[in-house]
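There are 2 protein chains.
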Amino acid sequence: MSKLTDVPKRILIGRALRSDKLGETLLPKRIALPVFASDPLSSVAYAPGEVLLVLSIAGVSAYHFSPWIAVAVVVLMFTVVASYRQNVHAYPSGGGDYEVANTNLGPKAGLTVASALLVDYVLTVAVSISSGVENLGSAIPFVVEHKVLCAIGIIVLLTLMNLRGVKESGKLFAIPTYVFVAGVFLMIAWGAYRSVVMGDTMHAPTSDFEIKPEHQGLAGFALVFLLLRAFSSGCAALTGVEAISNGVPAFRKPKSRNAASTLALMGALAVTMFCGIIGLAMATDVKMAENPAKDLLHNGTAVGEEYVQDPVISQVAAAVFGDGTFFFVLLAAATALVLFLAANTAYNGFPLLGSILAQDRYLPRQLHTRGDRLAFSNGIVLLAGAAILLVWLYGADSTRLIQLYIVGVFVSFTLSQIGMVRHWNRHLRTEKDQAARRRMVRSRAINTFGAFFTGLVLVVVLATKFTHGAWVALLGMVIFYGTMSAIRKHYDRVAEEIAADEGPSDDSVRPSRVHSIVLVSKVHKPTLRALAFAKLTRSDKLEALSISVDPAETKALREEWERRGINVPLKILDSPYREITRPIIEYVKGLRRESPRDAISVYIPEYVVGHWYEHLLHNQSALRLKGRLLFTPGVMVTSVPYQLQSSELAKERAKKRQEWNAPGAVRRGPVDRRPKENSGGKR
Amino acid sequence: MSKLTDVPKRILIGRALRSDKLGETLLPKRIALPVFASDPLSSVAYAPGEVLLVLSIAGVSAYHFSPWIAVAVVVLMFTVVASYRQNVHAYPSGGGDYEVANTNLGPKAGLTVASALLVDYVLTVAVSISSGVENLGSAIPFVVEHKVLCAIGIIVLLTLMNLRGVKESGKLFAIPTYVFVAGVFLMIAWGAYRSVVMGDTMHAPTSDFEIKPEHQGLAGFALVFLLLRAFSSGCAALTGVEAISNGVPAFRKPKSRNAASTLALMGALAVTMFCGIIGLAMATDVKMAENPAKDLLHNGTAVGEEYVQDPVISQVAAAVFGDGTFFFVLLAAATALVLFLAANTAYNGFPLLGSILAQDRYLPRQLHTRGDRLAFSNGIVLLAGAAILLVWLYGADSTRLIQLYIVGVFVSFTLSQIGMVRHWNRHLRTEKDQAARRRMVRSRAINTFGAFFTGLVLVVVLATKFTHGAWVALLGMVIFYGTMSAIRKHYDRVAEEIAADEGPSDDSVRPSRVHSIVLVSKVHKPTLRALAFAKLTRSDKLEALSISVDPAETKALREEWERRGINVPLKILDSPYREITRPIIEYVKGLRRESPRDAISVYIPEYVVGHWYEHLLHNQSALRLKGRLLFTPGVMVTSVPYQLQSSELAKERAKKRQEWNAPGAVRRGPVDRRPKENSGGKR
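Protein sequences, first through last, are from chains A and B. For reference, each letter of the first sequence is one residue, going 14 to 696 in this note's numbering. For reference, each letter of the second sequence is one residue, going 14 to 696 in this note's numbering.
Keep in mind the hints are simulated off the structure, nothing from the lab. Do not take every clue at face value.
What the hints assert, rightly or not - Now the stretches of chain B that chain A is said to cover, found in silico as 3 or more residues with beta-carbon under 8 Å:
| no. | region |
| --- | --- |
| 1 | 60-73 |
| 2 | 264-271 |
| 3 | 495-505 |
Stated by the list, open to error - Covered by chain A, per the in silico footprint, the following chain B stretches (three or more residues, Cβ under 8 Å):
| no. | region |
| --- | --- |
| 4 | 527-540 |
| 5 | 614-621 |
| 6 | 649-655 |
| 7 | 660-666 |
For clarity, every value in this text was computed on a predicted model and none was experimentally measured. In this text, a Cβ means the ideal position worked out from N, Cα and C, and glycines have one as well.
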């Protein structure tokens, strides 16, 4: 039946591409950086703008606080990077924040982190695509005029690509990421050179605009609150930093050390780019307003609804390189591309986290197969659906979506860091070696500071963003949490119910004989095969059973049975209403009543067909009968398949599907054995 | 998996009502008449209006042709009734036109009739509901203002009622039908009394309107064509006459004779009502126009888009009883109710015809169970969907829908009558008894005339209505025909493929030994049960197979296995990617390669659960594995069910479902054994 649900997918996305096994290809640092850094680096495309946007509420004069906010973000970035460097050393298995929280703080914290991460993946897609569309729009007006449509179109495209199974390579990530990084650095350098050395005054497109402050002369608590809000928005630059801690197994050896240095490099790049863009924005007089339509004034009048506020990065590029120049367009394209790649990382992370959660029985068990096609597809579709919903609800407005974004990130940062503190405490209790103890104490200090700082930011984010949209993210987390714990509870209850009793016998009445029944409608190959198989497995009693729905057919069956001399007794049940299921069920129940110690084995000849629509034409009665028989205790049901010619097709298809590799494999590395328990220093 | 698709149904329509078995309750004539006559009698609610409507094209002067058209309809009605009286005698099994055509004219004619009937059922719903809404609207303006909405609402309501399984009784049909018939007769009598005896001049609401003829002074061929078109429209009065021929088994004995006299009575009632209404319409100066908005003039100006043209029956009632009087409202309500009942008959007929077609392998085989719930539900939903589509496309305008209606009816009338002629010819070849021969010759004469007349009408209908909408009905028929013959072709091809060869052995390599494999994930009750069952059915080799996805779990499994002293060897396959299916398939294939004469029997412990969502949490891997295993030749798959506590619920539910009776049973009677072959005089 699962074939049926596959059909719309098949029509849309075609057959899965065959991609070769990854084998033992591990990532060198120069490739690992772009693979993991597209998400965190891309966030500098929107984070600086968000800071200015919030500050503009108090008027353009508040912009002079922006360097201080940049400093705070930089400090936070260093803290987080330093903290996660501890994580990758202590947990090289790739389980990430979920594993850290689960192992050290218990399942509830783990599930909280998991819920936060799932929400985050959805928002990564929504925010990155929206921001990417805005950046693309600064070069191509059509895109920004049909923002929601373009954003949803790109999500659909990414989804189809991922469902189809793109053949990935690290280089695919490397080129746009390096172009983006190089472009931003070139822009910063060229801007600095022009302004410092050549003494040019560069003007952003909005440099001659004015901002009408929504609240004039903010001071005291209100100002602090505003600055905190601006800082929270700036924290968007930190999203995606944790990605490397999930990907340690994909690094070349020494895995943990390479991961740690990549992390450090990534942090350094991110803060430089973030500060550089903020600095250039100040130098070129970029003006951003939260409500540009009415708060942004040009020649004294509001710019109105028509006005499209370009992202800071593109305004700065216009000032530095000149609007429409080659470098401007190149940077806009690279920015958009990196943002789309960042969204793509969520497509890889979401199903992977799902498979880890499935292993811990928080999600349906069958999802646990790594890179399982069906599980992967379902995860992808869920992710895309949620992201499209958000993009549509929020009009693909990255500013509004970012309000939802940062909560989840800091929930997992904070819990992960608290978990690390516990981790070190536990290890310090047993560790005797002084050098090791010193290292642990130092790590603990870093993680403690990280936990404190990220926790503080979480509180700030919650306080400043709750009504602006953070509640939506929290609601999403609650829904994920509730669903997953319900699933786990169900599995636990079932596990208890089916736990084997001690002692050899546990079924109240253990059957001692088998009575086999072969269901027969006509004498044809499938029936003969079922009879042959049933005879092979020797049972205490064997009979063929047929339901008489038409006297003429029944007569013909009896005659054919005799003519062929089939040495199995044929029993025929009458069914005046042409029912199949009921007479058989009643017959089987009757047998069970007569001899309760007999197990009943029912053999059903089944057709194996190749097309989904053929399923509708065959085996439906068998399927329903089987469904009903399974409810009858003491019965087992054997399908004896008969492969029709058309089934060859389906076999080929299934083979191809088996060979399919889930996208995102390049990030995960070839080994994925996650030890169940604490994987700290020693086990 | 079928459970999943049931869920939305369950939410909408609740659990099926339990209705008691019909037992041997057969219908006396006084109940049979309303049960079967609601459809044909209700058509007098719209047929007279359609005649006037078409005539109005040539101006109000053309109305004087209407009595002649009424006469033609009456003659046709008598012909059809007389013809079908032969049918019910010759084919008392309830197969109806499909059986007659199939038996006497071959499967293509049968399938054509079946396609026509299926289209007809859809149109019966669309036309009757639309007309019912119009009649209701003459008393309740809101209804006519929201015509499409109300029509679709009523279709949805009828659908839910039918899906739920209404407890039916003949009386349910009797009351509104008798009220309707009595009301119309009272109206005719009172109208005749007022006009003839009291000399009153009654005025319909439109009596002082004028009609602007679309074609002034039509003559010659154009006039004949118009009259033929008016006649075709009047033929709408004949729809539903064939219903009784499907319902002979529901009559009390002597079934055929009772059915024949009911048919005659119904015909007499229908023509009297039809002529009476036409007569009253003439007497009260009813004006109907095809395009009332521009062709109907009041005080010299067109009435415009706002104007709602009430049905003839309600205009006449307004003239005779007075608008808004008790009798007027009662008649409007009874008319609407009878029309809704007429629509309801299609809900019974459609799935029944489907089950007959399934028996002949034109539709999926599992639909053949009589009153099968799932088959019934699917049929109902298909019918309702198609009817809603038509109502929506045609704006619930009965006049436009009727253009589509009559084609199908006359296709089946004509083919059925031609079939009857063949039937008598065949019987006359062998019949020796002179009295019987005389009866047969007489019947043949009647059927010949019927075939000729209905064939002529079919040609007229096609010629006059084709561009007005009949092509839609024909297209529908072609689609049904094509689908059903494709299904039949598929079944035939498969039947050929699986036909057993002569001689005792037909599988190329007949297996001689069985190698049994029990799939094990943990040692729990379901596993132990599967092991116990596998041991009972003695095979040549028995082993337990487990897939190692986690070294710790695998170790625990091995230890438990030894500790419990389970005397079945445990084989463990490694699966670095945590896959389940692939390693097992490869292992099984390996076994088959090693010893091709071994059959492999795979035992899968399965959980039986009670809720649909639990299905998502269990057995998914098993299901997929089973799907893949069935493609591997020489393998049989045994499900060993373990009933979880929650499965009790589902068992209860299944039991209730088994006891469900399909609506419409009252029309079909308790016996439903349709002999495959000709069921004429002697077999």
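**Q.** In rising order, the numbers of the hints this structure does not comply with
**A.** Hint check: 1, 2 fail, others pass.
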